[in-house]
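J.: The residues making up each chain are set out below.
Number of protein chains: 4
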Amino acid sequence: MGLKTFDEYYSRLKKMRRNMYLGGERIDRTDERIAGQLRVIKETYDRAHDPDWENLSTATSHLTGEKINRFTHIHQSTDDLLNKQQMTRLLCHRVGGCIMRCMGIDAMNALSVVTYEMDQLLGTETNQQFLNYLGYWQDHDICANCAQTDTKGDRMKRPHEQADPDLYLRIVESRPDGMVVRGAKIDNTTAPVSDEIIAIPTRFMTERDYEYAVAFAVPADWEGVTMLVRPAYHHKRNHLKAPIAEYGDAESFTIFDDVFVPRERVFLDGKADPRQTPFAGFLALLFAHYHRHSYTGCKPAVSEVLASAAALVSEYSDIEGEDHVRDKLSHLIGTAELVFAAGQMSAYRGERSASGTFMPDEILTNAGRRLAGEEIYNEYKVVADLAGGLCAAMPFEEEFFSEETGELANKYLMRNPTVSSEDQHRCFRGIENMIISEPAGVMQVAGLHGGGSPQMETITMMSRYDLEGLKSIAKYLFGIDRELPKYDRPTVTPRKMLDKFKKRLGIQ
Amino acid sequence: MGLKTFDEYYSRLKKMRRNMYLGGERIDRTDERIAGQLRVIKETYDRAHDPDWENLSTATSHLTGEKINRFTHIHQSTDDLLNKQQMTRLLCHRVGGCIMRCMGIDAMNALSVVTYEMDQLLGTETNQQFLNYLGYWQDHDICANCAQTDTKGDRMKRPHEQADPDLYLRIVESRPDGMVVRGAKIDNTTAPVSDEIIAIPTRFMTERDYEYAVAFAVPADWEGVTMLVRPAYHHKRNHLKAPIAEYGDAESFTIFDDVFVPRERVFLDGKADPRQTPFAGFLALLFAHYHRHSYTGCKPAVSEVLASAAALVSEYSDIEGEDHVRDKLSHLIGTAELVFAAGQMSAYRGERSASGTFMPDEILTNAGRRLAGEEIYNEYKVVADLAGGLCAAMPFEEEFFSEETGELANKYLMRNPTVSSEDQHRCFRGIENMIISEPAGVMQVAGLHGGGSPQMETITMMSRYDLEGLKSIAKYLFGIDRELPKYDRPTVTPRKMLDKFKKRLGIQ
Amino acid sequence: MGLKTFDEYYSRLKKMRRNMYLGGERIDRTDERIAGQLRVIKETYDRAHDPDWENLSTATSHLTGEKINRFTHIHQSTDDLLNKQQMTRLLCHRVGGCIMRCMGIDAMNALSVVTYEMDQLLGTETNQQFLNYLGYWQDHDICANCAQTDTKGDRMKRPHEQADPDLYLRIVESRPDGMVVRGAKIDNTTAPVSDEIIAIPTRFMTERDYEYAVAFAVPADWEGVTMLVRPAYHHKRNHLKAPIAEYGDAESFTIFDDVFVPRERVFLDGKADPRQTPFAGFLALLFAHYHRHSYTGCKPAVSEVLASAAALVSEYSDIEGEDHVRDKLSHLIGTAELVFAAGQMSAYRGERSASGTFMPDEILTNAGRRLAGEEIYNEYKVVADLAGGLCAAMPFEEEFFSEETGELANKYLMRNPTVSSEDQHRCFRGIENMIISEPAGVMQVAGLHGGGSPQMETITMMSRYDLEGLKSIAKYLFGIDRELPKYDRPTVTPRKMLDKFKKRLGIQ
Amino acid sequence: MGLKTFDEYYSRLKKMRRNMYLGGERIDRTDERIAGQLRVIKETYDRAHDPDWENLSTATSHLTGEKINRFTHIHQSTDDLLNKQQMTRLLCHRVGGCIMRCMGIDAMNALSVVTYEMDQLLGTETNQQFLNYLGYWQDHDICANCAQTDTKGDRMKRPHEQADPDLYLRIVESRPDGMVVRGAKIDNTTAPVSDEIIAIPTRFMTERDYEYAVAFAVPADWEGVTMLVRPAYHHKRNHLKAPIAEYGDAESFTIFDDVFVPRERVFLDGKADPRQTPFAGFLALLFAHYHRHSYTGCKPAVSEVLASAAALVSEYSDIEGEDHVRDKLSHLIGTAELVFAAGQMSAYRGERSASGTFMPDEILTNAGRRLAGEEIYNEYKVVADLAGGLCAAMPFEEEFFSEETGELANKYLMRNPTVSSEDQHRCFRGIENMIISEPAGVMQVAGLHGGGSPQMETITMMSRYDLEGLKSIAKYLFGIDRELPKYDRPTVTPRKMLDKFKKRLGIQ
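Residue numbers (our numbering), protein chains in the order written: chain S, 10 to 517; chain D, 10 to 517; chain X, 10 to 517; chain W, 10 to 517.
Bear in mind the hints are in silico, worked out from the structure with no lab data behind them. Nothing here was measured: the structure is a model prediction, and the numbers come from that model. Please note: incorrect hints may appear among the correct ones.
Any copy will do: because identical chains look the same in the list, a pair fits if it lies in one copy or spans two.
Said to hold, decoys possible - When the alpha-carbon atoms are kept at most 27 angstroms apart in a straight line, the in silico BS3-like pairs for lysine-lysine are as follows: (1) K509 to K24; (2) K23 to K250; (3) K23 to K495; (4) K24 to K166; (5) K51 to K23; (6) K51 to K509; (7) K51 to K511; (8) K509 to K166.
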């Protein structure tokens, strides 16, 4: 057991309760409009059975020693982080975009640390519950969504100050056997094809927000859970099949309408125990941290996917040798390399937390993710620049295959004479999918906001960075201080991050 | 006569030959998939009958003294250029994007100058033919496409060097009563809803490319003309009607399969008279010049449309007062102001050509258009940034109106409590149309490439700029030259531009 | 009378009280270390007597109808603003940097408006006093500094909240014959060579800051005024004389140690009449407005000076035709053009205030100035990029003229063989002055902060921009509002700016 | 032996022949104008004797097993590269700029690889000569300059095509006991305080440039070597001593006037053996590679030094909590982190060459160095932005200590009341040194060009990057290729780099 096939996973999905709505109808997990997302998830199961990918796509469970899908693994070492990052990158190359399954395991890693630390500090017993749940995950090769973003109402008000108290997900009742939650989570990528939904807080909570300090997991079709599904997919291809055209996204607007969560699936409950309230922010940020580290894998891949298209169309238009083309490609490549290196070095600089879970460096992870987010729109610009206007004005596929227009359409598509008109067609059609489509729009926004917009990374960096240490350099150079204190580098290790958290939580 | 209504124009379209293909079918001009583009063109007819718009949307024909639609007018003064620019801007506000009808009249203005200059230099009689054609335009309030972009084959080869000689549109036969042309033009916005197609060259032509020195006008359904239509439109709205959702684009891949053009509609014929060959480049660049000046009207409008959405969503999320929000809005606004001002000053610096047609300043027009192109992707980034992830994850319209999910969907959409959930919905739905859609992708590419990509503007600027004049400043300051020559500003007036062209053409 | 020569002006300076300190010594206005700044000011007197410059450098006094130096003129029309802007630009070309004399006249224009408006609203009689003072200015061709920037103490506190109440210049006593002021003003360019110092407030003042609502003019050597002078100048050249090497800056840290100002030189006195307090901010911003408009003249010139050096060194290294060189030059040129056009259009959009003084458009002036400030460091980067490392590693002048090393030094300096080694030397020596020197550092900082840093322009733009008008576009497009209100462009005219001010001042 | 003290080193310098010229005079190595550079070099000797720095500043010779200064060490492992990078960073913090001693050892590492590979391929015996020379280096703790940049004459011509054949350093005669060289090298940082000069080629050489394929080492005062010294230093401080003010740079324009180089100090001689010619480019690029890796240590330090000043002045002005301040600081910090991480990961990805010398990853090293170069001017902008205009207008030190002006000058300097006016003074004085000074100008240019300008890194990256591998992603996604080839990351390892070189050299 442990590793499952795509078919095993898919057969689970097919049995699920029909709690998803799309276009005014209640739909199954087999609805064609979310097939693109399933195609993406399929790669994560298939590669785990591919001998070439063994080191990347599988790992050894620290619970059982069994071989498991890396998407169900709690990182134990630098190598685990490196392999996760590289797996993410290479899978994204294969689907031409976001691999989507990272959210669940990023939440699980965060929970593994936070529940442990909370138990240590408060004497709670949540970590064992978590480990039981993790066992279930690894046994069934679970695909999960992490539902973090609340609808948030008025941005200038805290959760308990909102006109409608449900605008952040909250605990309406806590009792020994579990709790009842109400609210909604949005922007839930992958939720429509997930086995499980893991809900966690979206921000720090003050004492008065204790009802909003909530984390738990439920099956995606659990009683009271309703998903409003927003898909994004490509025009169906009838002639020129291609992986890029099969890519699809689906997002869920997930409503929890007085959902009962059994106690063994509760990981944070500020209503039952208000002392747990500060751990809401800890969990929110630690998930963000793992997720941003995942972005140091996927975002370089997205840059490379865009760069590969830009390079190919430049070859096909025979402009590959032009200076400006090489400059632009090189910029994309450089960004990919720097972001990936930031993630790798975050792994090398990583540390083991008390729970045993391995944590990447925080400043660097955020610096890397931020660069990626700042560049994403520019990367689309470069592809459009090198492809030229035709990518936005390509007649549909049928015009190239119809008897009346096909011959002339293909005749005039020719560029570099060494490239067939079908390949020219495939190239422009692929770029159309990549930059002129709803999935393209979603990828742009996800590239900017996913895992936190550049602004969030700035905030995280500045709240963690050793600014006084930095200033000591100027104080020494300007003669204000006599000595330059022994000083490594002006950043914090993961362990210091945990210490800062604890300090912020008023403990220690 | 002169001004026509939308209905009069549309009734012409309905009578046209069915020479358009879309999705493997031959279609009418009434096909629903191009209705969005018709809705855009409709504004240009409706406003011309709106008393509030009289100064902007109509003009006085310099041929007849009659009141005509400004989209059929040859600019006679600074005010004409200013009014054209402002009309363009305000019309774009009304449709939420490109107004599309500028191409035709930009080509006509270029032809008015080039045919005149050519007649002066070569003793030809093309200008009178052009003026006759212009009379027809003004009488019928013609909507036209300018077909400029050739398919171009191998970018490293000139037209006559291509493996297939048809990869640039060419004259296969020239005879007294007209000529026969073969080739294709791409990226032809507006062509699917145009009365006429004006074809002009895409670049400078060398002596050996004389067959490619070709310009003419034909009705859009002329014998031998076939259009492969590529539409981009929004999801149909069933509940929340809104102008933004009715916007649509349609591009044509236009094939000229041995089309006969009557002599009175021929404006450039290098095959009959190779001396005309150098005027191909003159015409190509002059059209680009007028078209880039139009972009100083539409692009600020696009920036403002994006900025208005960014400002509105910031108000609705109650973050309008945040520093970073004001910084970002201010950047968009500043770009719009600078680009528009560049166009206005180009009008003030403009000059009358020998033909009587008024020409805007070239360096400044190009500098303005280039800034707009460089910023377009960043502008989309700002909207996405301020709107947040939900714009890419909004459930479809029906979920907010269905009995099963509507109430909760609307409940959780609330933000600023002073804004109704329907308005919140309208705002996010509108932003979805604006940035997560096929038309959004097209607008991005058009914002970058339309009228020439930033690189083309750089080339134009540098080929026209008085670099030696500029260097004289350093030579004076560094003591290399004793005097700083009397020196205005290091740019050329339109008249000098014409002189440079003539010099380049080896005349004068 | 009216126009004076440099010698007349300089003889005034020579007679002034020795109230300046530099390097621990009390110095004269003839000190060699401020000769560079005098050389700059000299251009403003010399050009006014140069027939070629008559239209630019002189104007007709609206008080007397006499011919005066434009640096003493109150703008009466669009043409006055255009001529002032162009004069500024061309003078900057001649000195290779800031022309420095604009500050005084910018303050005078602001005072002409504010004193008039204040009189209208409060029934005071300050404008006539101002006009008398202006007459004196025009008669004597006065060179003045505007002392605006207070030392400001703790930036998070208002003037009256500071630990030391003198950290903003304040009125310690107000009496019928005048007032006594105490405090200091910093960053006072030109003050060391000025006849007069005009002091104005640095920001808006609240009711409780009424003692800080102060404006006046005094001779630069007035009793109680002490200047700490900070010069920046180039290495003295012994062999290769060049205008660039004669450029110099001098800044003053000006201390007002209980200075008595006679009533006829007082323009704002919140201590005597607290109703005047709100006019402090009005005056501060209006000076900034005129000064930023001057920057649309000088900053394009600085960009052009840098671009001219970049172009020349590219020619001398024979890389002028390289793509990347043309891209970079074109970027500098484009910025110069856009900023200058913003200033020109601000003049065209200008309006006459009730006082008769002409005012440029505010949004656009700020947008232009801001772009210039954002680009300044990048412009230095481009010069360094194209010049290569040698500009920072050039042996001193003497090495090229000494018997022992001169021959070989010159031999190895050769690049483009058509350029003599002396000209090569002049070019690199000039670039050294331009980018590797104290004046270069000062120019960078002045380019960023002078007239207000980019952030200040953003604040001004956003406080004046018609944001609700802008949002009406989105409201219409999204179907929230049925109509798009008749709408010109989303900016305010100068007159509306004045109305806004009055509204803000609580008057109507 | 091995480790030497600063005094031992300095006593060597004092004995050297007076072959340096400055300001028309022949000078000693004790000239005060180069004292700032000696102060920098002193740190590299002092720290090697500081127990806290043992791991960083010293290493174990792979030749002798003795403890040596890391600046004389050939890298044997990832740890060596990491320690070198971190040493460089921390030393730069201590001097407030470039540490300057890296050049020599970067050249030595490159020679260790190239001489070995050449011997293998050509059967020459250069590597042993090199190792002998290295032994001398390590024994004497040698400080050396690497003279790479030729004067280059006309940039569009190759060395042998120049009007004057000496514009690239060349071998005028080669004989058994050595060779005679003629030419000049420029931009030679550190040369004025170096024991030795190592000359290497500046670019690839074609067959016809065989006389220019030259590398060797000579003592810096060797017969025929003349240095024209260009110093940059700060105003002498009399009151407020500070490390930043003691920093100085000195560059040499080094002339080789028929210099005889003994055979045992010759490392490349294309005149004697034209087969060695292609190794010129190999050596040029490999030195650049090691030097760029050093830049991933020093450039983050420069960013941190600037950021530390920006953070300190923000605290002193009490604006540290403002959003825009944190944004700007965070940008500097993020750049430093990313560039440093790029260098670290280049070490982790490094490989041992056949010679035993360890080599960092090339693509990533270049991507990191390039980012640093692109940002340097912006970093100065941020410091100026946060410091405000006063940094460019500070009265000289004496004004704050004189009896007449000191008290008031200090009174008005106060900002944050918790900071003394002396510390305020020190802070602004330090920033003045940092951004308004000749050394500041030199640091800007060095930050851009040192080790290769951004353009050179782009060229290197693109000539080494696996572009076909990258394109295979698009080919797979677009359906052009069926399979995505097993693919690691689209970059080359150092070993592949060597293979590419050999292939390019036509060997294999």
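J.: Now tell me if each hint is right for this structure.
T.: These are the hints, each one checked on the structure:
With identical chains, the CA atoms of K509 and K24 are never at most 27 angstroms apart, being 45 angstroms at best within one copy and 56 angstroms at best between copies. Proximity of K23 to K250 under the C-alpha cut-off of 27 angstroms is restricted to the intra-copy arrangement: shortest distance 26 angstroms within a copy versus 36 angstroms between copies. Taking the shortest Cα distances, K23 and K495 never come within 27 angstroms of each other, neither inside one copy (61 angstroms) nor across copies (33 angstroms). Proximity of K24 to K166 under the C-alpha cut-off of 27 angstroms is found in neither arrangement, the shortest distances being 41 angstroms within a copy and 60 angstroms between copies.
With identical chains, the CA atoms of K51 and K23 are at most 27 angstroms apart within one copy only, with a shortest distance of 15 angstroms there and 49 angstroms across copies. Taking the shortest alpha-carbon separations for K51 and K509, neither the intra-copy value of 40 angstroms nor the inter-copy value of 38 angstroms comes in at or below 27 angstroms. For a Cα distance limit of 27 angstroms, the shortest separation of K51 from K511 qualifies neither inside one copy, at 40 angstroms, nor across copies, at 43 angstroms. In this assembly of identical chains, K509 and K166 lie within 27 angstroms of each other by CA distance solely inside one copy; the values are 26 angstroms within and 31 angstroms between copies.
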